[in-house]
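Visitor: Here are the chains, one letter per residue:
There are 2 protein chains.
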Amino acid sequence: MQKPSLPKGTRDFGPIQMARRNFILDTIKDTFRLFGYNQIETPAMENLSTLTGKYGDEGDQLLFKILNSGDYLKKVSAEDLENGSAATLTKVSEKGLRYDLTVPFARFVVMNRNELTFPFKRFQIQPVWRADRPQKGRYREFYQCDADVVGTDSLVCEAEIILMIRRVFKHLGIEDYTIKVNNRKILTGISEVIGEAGKEGPLCVAIDKLDKIGWEKVQEELEQRGFQNDSVQKLNPLVQYNGGEAGKLEFLKSFLSSSEVGLEGVKELEETFEILSQMGEGLDHVELDMVLARGLSYYTGAIFEVKVNNVSIGSVSGGGRYDNLTGVFGLQGVSGVGFSFGVDRLYDVMEELSIFPKESVQGTQLLLTYFDHKGYGYALSLLSQLRANGIIAEIYPDQAKMKKQLDYASKNGVPFVGICGDQEIADKTIALKELETGNQESLNLEELTKKLG
Amino acid sequence: MQKPSLPKGTRDFGPIQMARRNFILDTIKDTFRLFGYNQIETPAMENLSTLTGKYGDEGDQLLFKILNSGDYLKKVSAEDLENGSAATLTKVSEKGLRYDLTVPFARFVVMNRNELTFPFKRFQIQPVWRADRPQKGRYREFYQCDADVVGTDSLVCEAEIILMIRRVFKHLGIEDYTIKVNNRKILTGISEVIGEAGKEGPLCVAIDKLDKIGWEKVQEELEQRGFQNDSVQKLNPLVQYNGGEAGKLEFLKSFLSSSEVGLEGVKELEETFEILSQMGEGLDHVELDMVLARGLSYYTGAIFEVKVNNVSIGSVSGGGRYDNLTGVFGLQGVSGVGFSFGVDRLYDVMEELSIFPKESVQGTQLLLTYFDHKGYGYALSLLSQLRANGIIAEIYPDQAKMKKQLDYASKNGVPFVGICGDQEIADKTIALKELETGNQESLNLEELTKKLG
Numbered sequence: 001m002q003k004p005s006l007p008k009g010t011r012d013f014g015p016i017q018m019a020r021r022n023f024i025l026d027t028i029k030d031t032f033r034l035f036g037y038n039q040i041e042t043p044a045m046e047n048l049s050t051l052t053g054k055y056g057d058e059g060d061q062l063l064f065k066i067l068n069s070g071d072y073l074k075k076v077s078a079e080d081l082e083n084g085s086a087a088t089l090t091k092v093s094e095k096g097l098r099y100d101l102t103v104p105f106a107r108f109v110v111m112n113r114n115e116l117t118f119p120f121k122r123f124q125i126q127p128v129w130r131a132d133r134p135q136k137g138r139y140r141e142f143y144q145c146d147a148d149v150v151g152t153d154s155l156v157c158e159a160e161i162i163l164m165i166r167r168v169f170k171h172l173g174i175e176d177y178t179i180k181v182n183n184r185k186i187l188t189g190i191s192e193v194i195g196e197a198g199k200e201g202p203l204c205v206a207i208d209k210l211d212k213i214g215w216e217k218v219q220e221e222l223e224q225r226g227f228q229n230d231s232v233q234k235l236n237p238l239v240q241y242n243g244g245e246a247g248k249l250e251f252l253k254s255f256l257s258s259s260e261v262g263l264e265g266v267k268e269l270e271e272t273f274e275i276l277s278q279m280g281e282g283l284d285h286v287e288l289d290m291v292l293a294r295g296l297s298y299y300t301g302a303i304f305e306v307k308v309n310n311v312s313i314g315s316v317s318g319g320g321r322y323d324n325l326t327g328v329f330g331l332q333g334v335s336g337v338g339f340s341f342g343v344d345r346l347y348d349v350m351e352e353l354s355i356f357p358k359e360s361v362q363g364t365q366l367l368l369t370y371f372d373h374k375g376y377g378y379a380l381s382l383l384s385q386l387r388a389n390g391i392i393a394e395i396y397p398d399q400a401k402m403k404k405q406l407d408y409a410s411k412n413g414v415p416f417v418g419i420c421g422d423q424e425i426a427d428k429t430i431a432l433k434e435l436e437t438g439n440q441e442s443l444n445l446e447e448l449t450k451k452l453g
Numbered sequence: 001m002q003k004p005s006l007p008k009g010t011r012d013f014g015p016i017q018m019a020r021r022n023f024i025l026d027t028i029k030d031t032f033r034l035f036g037y038n039q040i041e042t043p044a045m046e047n048l049s050t051l052t053g054k055y056g057d058e059g060d061q062l063l064f065k066i067l068n069s070g071d072y073l074k075k076v077s078a079e080d081l082e083n084g085s086a087a088t089l090t091k092v093s094e095k096g097l098r099y100d101l102t103v104p105f106a107r108f109v110v111m112n113r114n115e116l117t118f119p120f121k122r123f124q125i126q127p128v129w130r131a132d133r134p135q136k137g138r139y140r141e142f143y144q145c146d147a148d149v150v151g152t153d154s155l156v157c158e159a160e161i162i163l164m165i166r167r168v169f170k171h172l173g174i175e176d177y178t179i180k181v182n183n184r185k186i187l188t189g190i191s192e193v194i195g196e197a198g199k200e201g202p203l204c205v206a207i208d209k210l211d212k213i214g215w216e217k218v219q220e221e222l223e224q225r226g227f228q229n230d231s232v233q234k235l236n237p238l239v240q241y242n243g244g245e246a247g248k249l250e251f252l253k254s255f256l257s258s259s260e261v262g263l264e265g266v267k268e269l270e271e272t273f274e275i276l277s278q279m280g281e282g283l284d285h286v287e288l289d290m291v292l293a294r295g296l297s298y299y300t301g302a303i304f305e306v307k308v309n310n311v312s313i314g315s316v317s318g319g320g321r322y323d324n325l326t327g328v329f330g331l332q333g334v335s336g337v338g339f340s341f342g343v344d345r346l347y348d349v350m351e352e353l354s355i356f357p358k359e360s361v362q363g364t365q366l367l368l369t370y371f372d373h374k375g376y377g378y379a380l381s382l383l384s385q386l387r388a389n390g391i392i393a394e395i396y397p398d399q400a401k402m403k404k405q406l407d408y409a410s411k412n413g414v415p416f417v418g419i420c421g422d423q424e425i426a427d428k429t430i431a432l433k434e435l436e437t438g439n440q441e442s443l444n445l446e447e448l449t450k451k452l453g
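First to last, the protein sequences are chains A and B.
For the record, in the first sequence the residue sitting at position 90 is 90 according to full-length UniProt numbering, with numbers rising by one throughout.
For the record, in the second sequence the residue sitting at position 221 is 221 according to full-length UniProt numbering, with numbers rising by one throughout.
Quick caveat, the hints were computed from the structure, so don't treat them as lab data.
Treat the hints with care, since some could be wrong.
Copies of one chain are not kept apart here, so a pair can be met inside one copy or by any two copies together.
Below, simulated DSBU-like cross-link-like pairs (lysine-lysine); rule was C-alpha separation at most 30 Å, straight line [to be verified]:
| hint | residue 1 | residue 2 |
| --- | --- | --- |
| 1 | Lys29 | Lys170 |
| 2 | Lys74 | Lys358 |
| 3 | Lys170 | Lys451 |
| 4 | Lys54 | Lys8 |
| 5 | Lys199 | Lys91 |
| 6 | Lys3 | Lys91 |
| 7 | Lys267 | Lys401 |
| 8 | Lys74 | Lys91 |
| 9 | Lys75 | Lys411 |
| 10 | Lys180 | Lys3 |
| 11 | Lys8 | Lys209 |
| 12 | Lys170 | Lys136 |
| 13 | Lys428 | Lys136 |
| 14 | Lys8 | Lys450 |
| 15 | Lys29 | Lys404 |
| 16 | Lys374 | Lys253 |
| 17 | Lys136 | Lys433 |
| 18 | Lys428 | Lys450 |
| 19 | Lys136 | Lys209 |
| 20 | Lys75 | Lys248 |
| 21 | Lys91 | Lys8 |
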């Protein structure tokens with residue numbers, strides 16, 4: 001007899017995990033909806049022609065491919081075998097599992113462009129699959145949770161992303177976190193003013209290590225990457241800036257004074273903060289990180305990254321503005337801005353901080369228990385009325401010893417049991433026992449509804 | 001430039017479809033939870049060893065298989081090529097997409113049997129995939145929505161299935177439907193008393209056609225299937241029974257008087273109805289269908305099927321009791337009872353009947369609009385307060401003509417727009433316009449919250 005197992009890097013979610021995941025997801029969904037985003041879903045499978053070439057060579061390797069149905073080898077010849085897997089792929093597989101939610105969203109926008117009203121605000125919460133090496137905290141199936149607005153350049157969207165992130169964290173009870181913001185144009189400007197235009201990529205990779213390896217080592221790395229020594233020296237004021245948050249915009253204006261695009265980036269950030277202020281909102285949790293880059297190649301404007309402080313997991317959310325979401329499918333000019341919550345990471349953070357509210361895993365509120373057939377009949381007669389009053393109630397289905405019934409309640413985290421004995425039947429009441437405290441009181445249906453409703 | 005398309009038999013769900021699907025799913029989830037069921041999720045991929053051999057030869061054909069990562073052809077030889085796809089499958093694929101939710105659930109129970117408390121009540125709402133020929137109403141990716149209790153024989157579970165189905169239909173607004181119930185033991189009993197023990201399978205397939213082809217043709221078919229003529233004649237009282245619903249149990253007791261198992265089936269149904277009565281519930285919508293079979297091989301006790309009357313789609317839900325969910329994985333004695341809602345079919349039924357409530361697709365309640373930069377600033381100042389009051393509000397993000405802003409609201413089904421003009425700024429009010437009626441009134445923030453909250 002086979003012993004069943006799970007594929008590597010995949011997980012089951014049992015009742016408690018699911019309840020906690022739903023607590024996170026419901027919080028995020030409510031927030032997206034409050035800000036006028038609508039949910040869409042796309043299929044798990046996409047044509048490989050939609051997916052390949054969008055995530056780089058490594059991404060193509062990590063795509064899960066689906067074997068064609070029926071006689072999948074019929075087009076494969078002995079010669080193909082010799083040419084190897086990559087050359088033969090198109091003959092055995094036409095479909096793959098989605099790798100992220102962005103490419104399917106771009107496809108959706110292109111295919112539905114005539115029906116959609118722009119600006120189009122959508123959110124999407126679905127699993128994605130990557131044939132990555134499984135390791136702690138990295139799975140082959142995991143949920144992404146994206147919100148994007150496409151078809152507008154308005155910086156109101158950037159400001160609202162900050163507000164949505166803050167609302168989600170507030171409702172999840174995560175207090176110590178930082179929303180790092182930057183702008184691609186600032187990065188472009190920095191590389192311009194130091195005389196290394198176009199090299200913001202390697203620049204940011206190196207500077208990102210500042211905290212870990214120090215300025216000496218970062219300079220060495222930059223020179224190894226082909227930066228001129230005097231360019232590197234021009235970074236000194238940036239690296240040594242210690243004027244605090246409030247002065248950063250002024251510092252950048254001066255540092256980037258010779259770069260038109262750099263100043264534009266500063267202006268966009270300034271305007272985003274101004275919109276927040278017009279909305280009566282401050283800059284709590286917001287930190288301007290002048291070298292934040294995050295998958296730089298995608299972004300053309302704002303860049304976001306959210307870090308929870310003092311936990312082992314780092315970034316739990318990120319995003320930014322892009323100029324051309326759908327260009328790869330032949331539709332130009334669809335710009336947008338979006339961000340993504342890492343649900344699995346938020347889960348791990350909340351677990352590490354032990355802040356899942358007890359109510360978030362509350363299932364059944366009340367288990368009706370009984371000693372004998374008469375009590376069972378009485379319990380049945382109450383059950384439908386309790387549920388009609390909105391109380392999540394169960395009856396222990398088998399006639400069993402009271403201890404077994406109480407065990408069931410306690411193992412399932414049911415907070416209350418209602419005991420139906422002869423006295424209760426006579427009085428038309430129920431003996432309500434709170435398992436945690438052992439407190440017991442006699443209540444009629446109306447009182448019970450008031451207490452648990 | 002490639003023109004993107006969707007894989008055959010798969011679908012995108014846009015905002016309106018998703019809102020309607022969520023209306024159905026939320027109704028079902030609320031009901032499951034009210035009855036004490038907890039949600040679980042299992043991975044999209046299962047090991048092929050878990051999936052194959054569970055759905056018959058046809059099912060094995062219809063499994064979507066996932067190509068092994070990396071050099072998937074490395075174990076395939078020229079000889080394998082000659083032996084064909086089926087013989088080579090294990091060398092190129094180890095995983096498949098789930099085909100239903102029952103086999104993954106059985107695997108879950110086996111793998112977690114030491115942590116679970118029985119009876120275990122779970123529900124599961126996830127997509128499944130079948131490489132079926134796509135056609136109207138049949139998709140390659142579709143959602144299933146299952147609830148099961150395992151680890152108890154109590155008929156309370158059967159009674160509660162009927163109650164859950166009725167609650168879901170009531171909340172969806174579907175009024176004309178029938179919950180057909182039967183019991184496998186009754187079918188076994190019928191084949192016994194007519195002298196064709198063990199042949200309930202072909203018996204039911206043939207009798208199921210009674211309405212379509214009439215008793216003459218059914219008799220012919222039964223004889224073709226090897227039933228003795230005098231066995232077939234013994235079915236006459238069953239086929240010609242016209243005593244109405246109330247008399248069916250008495251009729252069956254008499255018809256099955258010589259079959260112990262048959263009488264047991266009648267007793268189980270009787271007890272299920274008795275439990276409903278003890279719960280203060282009637283038999284509304286319930287019909288005893290003495291030959292209902294539905295995938296007979298799985299079921300050992302109660303059998304359910306729900307049909308919506310007077311629509312082109314037939315069955316939208318079904319289920320039953322089974323003796324041995326997990327036996328195939330080596331864990332004996334886990335009996336249970338469960339049922340499944342066909343979400344796609346419920347969607348189609350509600351669309352055909354035009355009964356989706358308008359509120360079910362309600363997204364944004366209020367769009368703030370403005371004429372100029374001053375109005376835009378004023379609108380921004382209101383926006384966060386409106387949302388803090390729980391009102392789903394948006395601002396049109398770009399400074400655009402009023403007509404464009406109103407168009408956006410109307411195309412997105414936003415019922416109210418709030419106009420922020422000079423007068424409103426001076427009065428600290430908003431001109432609230434209801435798009436459907438054209439009615440307009442001047443309200444302050446408090447009045448607005450009261451009206452839309």
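Visitor: Does each hint fit the structure? Answer for all of them.
Guide: Here is how each hint holds up against the structure:
1. In this assembly of identical chains, the alpha carbons of lysine 29 and lysine 170 lie at most 30 Å apart whether taken from the same copy (14 Å) or from different copies (26 Å).
2. With identical chains, the CA atoms of lysine 74 and lysine 358 are never at most 30 Å apart, being 56 Å at best within one copy and 51 Å at best between copies.
3. In this assembly of identical chains, the alpha carbons of lysine 170 and lysine 451 lie at most 30 Å apart whether taken from the same copy (28 Å) or from different copies (27 Å).
4. In this assembly of identical chains, the alpha carbons of lysine 54 and lysine 8 lie at most 30 Å apart whether taken from the same copy (25 Å) or from different copies (22 Å).
5. Taking the shortest alpha-carbon separations for lysine 199 and lysine 91, neither the intra-copy value of 40 Å nor the inter-copy value of 46 Å comes in at or below 30 Å.
6. For a Cα distance limit of 30 Å, the shortest separation of lysine 3 from lysine 91 across copies, 20 Å, qualifies, whereas the shortest one inside one copy, 34 Å, does not.
7. Within a single copy, lysine 267 and lysine 401 get their C-alpha atoms only as close as 72 Å, which misses the 30 Å cut-off; across copies the closest is 25 Å, which meets it.
8. For the homomeric pair lysine 74 and lysine 91, the shortest alpha-carbon distances inside one copy (8 Å) and between copies (16 Å) are both at most 30 Å.
9. With identical chains, the CA atoms of lysine 75 and lysine 411 are never at most 30 Å apart, being 56 Å at best within one copy and 48 Å at best between copies.
10. Within a single copy, lysine 180 and lysine 3 get their C-alpha atoms no closer than 47 Å, and across copies no closer than 37 Å, so neither meets the 30 Å cut-off.
11. Taking the shortest Cα distances, lysine 8 and lysine 209 never come within 30 Å of each other, neither inside one copy (32 Å) nor across copies (47 Å).
12. Proximity of lysine 170 to lysine 136 under the C-alpha cut-off of 30 Å is restricted to the intra-copy arrangement: shortest distance 27 Å within a copy versus 46 Å between copies.
13. Taking CA atoms no more than 30 Å apart as the test, lysine 428 paired with lysine 136 passes in neither setting, with 55 Å inside one copy and 55 Å between copies.
14. In this assembly of identical chains, the alpha carbons of lysine 8 and lysine 450 never lie at most 30 Å apart, being 48 Å within a copy and 53 Å across copies at closest.
15. Taking the closest pair of Cα atoms, lysine 29 and lysine 404 come within 30 Å of each other only across two copies (28 Å); inside a single copy the shortest separation is 39 Å, beyond that limit.
16. Proximity of lysine 374 to lysine 253 under the C-alpha cut-off of 30 Å is restricted to the inter-copy arrangement: shortest distance 27 Å between copies versus 82 Å within a copy.
17. Taking identical chains as interchangeable, the C-alpha atoms of lysine 136 and lysine 433 are never at most 30 Å apart, the minima being 42 Å within one chain and 54 Å between chains.
18. In this homomeric assembly, lysine 428 and lysine 450 come within 30 Å of each other (Cα to Cα) only inside a single copy, at 16 Å, whereas the closest approach across copies is 41 Å.
19. Taking the shortest alpha-carbon separations for lysine 136 and lysine 209, only the intra-copy value of 23 Å comes in at or below 30 Å, while the best inter-copy value is 56 Å.
20. In this assembly of identical chains, the alpha carbons of lysine 75 and lysine 248 never lie at most 30 Å apart, being 62 Å within a copy and 59 Å across copies at closest.
21. Taking the shortest alpha-carbon separations for lysine 91 and lysine 8, both the intra-copy value of 27 Å and the inter-copy value of 17 Å come in at or below 30 Å.
In summary, the numbered hints that this structure violates are 2, 5, 9, 10, 11, 13, 14, 17 and 20.
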